[in-house]
Amino acid sequence: MSNVTIVKNYEEALAFIHGRTKFKKIPTLKRMQTFMKALGNPETKIKAIHIAGTNGKGSTLTFLRSMLQESGYRVGTFTSPFLTRFNERISVDGVPISDDEILRIIQKLIPVIDHLDATLPEGGPTEFEIVTAMMFSYFAEGHADVVLIEVGIGGLYDSTNVVNPALSVITNIGFDHMKLLGNTLGKIAAQKAGIIKKGVPVVAGQLNEEPLAVIEKVAEKKQSLLFRFGQEYQATHRHYQELWIQKFDFTTHHVQFKDLRIKMLGNYQINNAAAALQAYLVFMDQEKLPILEKNIRKGLANAFWPGRFEKVNEQPLVVLDGAHNEPAFEEITQLLHTHFRQYEIYVVIAILEDKQYHKMIQTLGKLKNVHLIATTFAGPGSRKVADLQELTKNVQTANPILKQENWQLAIAQATQIMSEDDLLLITGSLYFISDARKLFVEDN
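Heads up: the sequence shown at position 343 corresponds to 343 in our numbering, and the numbers run straight through without jumps.
In case anyone wonders, no lab produced these hints; they're calculated from the structure. Note that the coordinates shown come from a computational prediction; the quantities given were computed from them, not determined experimentally. Cβ coordinates follow ideal geometry from the N, Cα and C atoms, glycine included. Hints should not be assumed to be uniformly reliable.
[Unchecked claim] With a straight-line Cα cutoff of 27 Å, these simulated DSS-like cross-link-like pairs (lysine-lysine) come out:
#1 K288 / K222
#2 K47 / K198
#3 K198 / K30
#4 K187 / K30
#5 K45 / K197
#6 K217 / K187
#7 K187 / K197
#8 K198 / K222
#9 K384 / K24
#10 K311 / K368
[As the list claims (entries may be wrong)] Per label pair, the in silico range of CB-to-CB distance:
#11 K366 / G123: 44 to 54 Å
#12 T28 / P81: 17 to 27 Å
#13 N9 / P81: 17 to 27 Å
#14 H115 / G94: 30 to 40 Å
#15 F440 / E287: 32 to 42 Å
#16 T415 / G199: 53 to 63 Å
Between the sequences and the hints, there should be enough to build the whole structure, so can you do that?
Given below as structure tokens:
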């Protein structure tokens, strides 16, 4: 007699999900395919857009969701990690599904999970496979017209990759998760390119030569139409006086939109918005629907993704950013250099141990107006946070690095040192800013 799992309420549902194995030794999609088959293949019953990339997945998804919503679509989204509550991971039109829905879906899945636990030699599905299956099951019931699905890690063996989408998007490719994906941009690109399906168009964001060559090769092999940033479509940054708004022009061989506005800062957000807009154009074309400029303008202007250079306080100015790898730190350093040169910037930073934290700290710390305060927090699950001595060892920065184990005290310390005209940035890990955000943002 195999075990029967009983889950009676939302709390027990979450405990069950989070109690599952995180990773298995050998990456494979087979287990997920078996899982889907046992559920009646819900992944085949949705219209999806699949989004991979080292950074910018969430922001690109948000721009795209916003334009599709303006165009009358009910848009489902699947994102990770969550910022405030688990439910955010499965949302419709930006609204997380309810606790009752989470409980209902997990109860529907549990008999299948129990069966797989009992019969699969390597054990049943992992935590992420279960959350992905919840998403497919939920959207197969018809709660959205189109679902934007963010890859968890990589692409090729990611459990979301059982989907056959209308369109694939690869935002960018940089160094992160090297233990899982490989230690060259080419190897990482090969993993991301794993989401390219036969005959399904692909939109590629701004990519270096090496990863782009990999994507081009796979797209050609799969006979997938490829839209490349800087080639099939381009974005030109327009100078604009207002600090919290950016403007850009967008051009393809067929259309041009001038002076598009977004309220997410950083040059990389213009790239994300451009990739989202190209994806929107391809999708609307597939749907044989007219493209209305007003829906594009309004969609882009309204798009907002929490924790992405998010202003949570005015005086002093406090900003949260989920930058958690070297490429993201390059971008945020550029953003600070471009937009906040006249500020003294205090940065409270905590980084997970499995990241390239020395490079990250060095990149940001080289700005003369940046003052770093290194801290720690309770990392997610069993993942450790980088030790303060280790984090700051042999790192060359323009100003000395302060160390404070307790992150609440680190933030308090920063606010004591800084003046009303300075900027406080809290960054280093999405999990960290999720904790810190609770100090500044009342949840509903």
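Tell me, which hint numbers fail for this structure? Structure breaks no hint.
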